[in-house]
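Chemist: From first to last, the protein sequence lines are chains Y and G. Okay, so the first sequence: first residue is 1 according to this note's numbering, each after it adds one. Okay, so the second sequence: first residue is 1001 according to this note's numbering, each after it adds one.
None of these hints come from the bench; they were simulated from the model. Note that the coordinates shown come from a computational prediction; the quantities given were computed from them, not determined experimentally. Beta carbons: idealized from backbone N, C-alpha and C, even for Gly. Take the hints with a grain of salt, since some may be wrong.
Said to hold, decoys possible - Listed next, the stretches of chain G that the computed footprint assigns to chain Y, with coverage defined by at least 3 CB atoms under 8 Å from CB atoms of chain Y: (1) 1008-1016; (2) 1028-1042; (3) 1075-1085.
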Amino acid sequence: MTGHDVVFVLVGLVTAGASILTVTSKNLVHAALHLAVTLAGIAGVFLVLHADFLALVQLIVYVGAVTVLFLFGLMLTRAPIGREALDSQNRGLGIAVAGGLFVTLSTLIVLAYGGQTGATPERVPTEAIGTVIFSHWVLPFEALSMLLLAALIGAILLARREAGDSGETLDQAIIDFGDAPSTEQGRASTPPGELEAGTAEAGTGTRGGEPR
Amino acid sequence: MSPLGPLLLATLLFCVGVYGIIARRNAVLVLMSVELMLNAVNINLVAFQNLLWPLSEDAAVSGQMFALFIIAVAAAEVGVGLAIIFNMFRNRASVNVDDVDLMRW
Chain Y
1 MTGHDVVFVL VGLVTAGASI LTVTSKNLVH AALHLAVTLA GIAGVFLVLH
51 ADFLALVQLI VYVGAVTVLF LFGLMLTRAP IGREALDSQN RGLGIAVAGG
101 LFVTLSTLIV LAYGGQTGAT PERVPTEAIG TVIFSHWVLP FEALSMLLLA
151 ALIGAILLAR REAGDSGETL DQAIIDFGDA PSTEQGRAST PPGELEAGTA
201 EAGTGTRGGE PR
Chain G
1001 MSPLGPLLLA TLLFCVGVYG IIARRNAVLV LMSVELMLNA VNINLVAFQN
1051 LLWPLSEDAA VSGQMFALFI IAVAAAEVGV GLAIIFNMFR NRASVNVDDV
1101 DLMRW
C-alpha cells in the first residue's frame, strides 16, 4: 500500500460520506454544501490520479460556479424543509434499486479488475493537454462552444418573464394607509375639541386618495 | 496503484445519484443527483485513462478530454435545468417533481 493509496482512501472516504449526506440531509442548503464538499473531494481524487488540469477545472467550474447556481436555485424556489416533505413515497424503491445496482456493479468490477495492479499514474503536462485540444479535438471544442452559447440563450429565454409584463408598470392597487405616522402622533396630543376636525380632515383625505 | 479504488468510489457515487433521483421530490435536489452521476463517470474516465491505459502516443489524454467535455456539458445542463425549474416554480408555485405531470398520458 503506497502513499498514493493512503491519500486516495482518505479523500475517497470524505467524498463518499459527503455524497451520501447530500441525498439524505433534511435541509436543502446543507445538501448543497455537502454537494460542494463532494465535488471538492472529486477534485482531490483527480489530483491523486495526476490529472492536475482537470482538478483545477473541477474546482473552478463545479465548486465555484455550479454550487453557487444550486444555492441560488434553492433560495429562489422556496421549498418545505424536512425529510417527509423532501422525500417521496418511493424511498424504499430507491434504496432497493441503488443497493442492487451497487452490489451488481461492484461485483463485476472486482471480478474484472481485482487482480490488476494498474500503472502508476504519470503527470501529463498542461501544455500537452492544450496541444491535444487544439489539434485532435478542435472540432468537438468548437461544437462545445456553440452548445454553451445555445444553452446560455436558452436559459435566458426560459427564465425571462412573459412578453406582456416584462418592463411595463403593472396596474397595481395602491393601498392608502391614511395619514402619515407623524400626523397620527400630532393628533393624539391635540385637545378633544380639535380632534373632531382632525378626523374629519383625515376622512376626506382618505376619500380623496381612494385606490383606483 | 490499483484501479479498484477509483472504480468502486465511482460506483458508489453513481448509485447514490440513482437513489437521489428516485427518492427525492425537490427538482433542484434531483439536478444535484444528476451531477453526482456525471461526476462518477468523470472519475471512471480518468481512472481508466491513467491507471489502465497510460500514455500512448496518439490518444494521449483522451480520458481527460472526455471528462472536460462532460464538465462543460454538465454546466450547460445545470443552467438550462435551473431555468426550467424557475419557470415551473413561477407557473405552479412548487418545485415538486410529483406535481409536474402535465405531459403524462
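Chemist: Each hint: holds or not?
Modeler: Verification of the supplied hints:
1. Here the segment 1008-1016 of chain G counts 8 residues with a CB under 8 Å from a CB of chain Y, which clears the bar of 3, and the coverage holds.
2. With 9 residues having a beta carbon nearer than 8 Å to a beta carbon of chain Y, the segment 1028-1042 of chain G meets the requirement of three or more and the stated coverage holds.
3. Using a Cβ-Cβ cut-off of 8 Å, 10 residues of the segment 1075-1085 of chain G lie near chain Y, which meets the minimum of three, so the contact claim holds.
Consistency note: the structure conflicts with none of the earlier hints.
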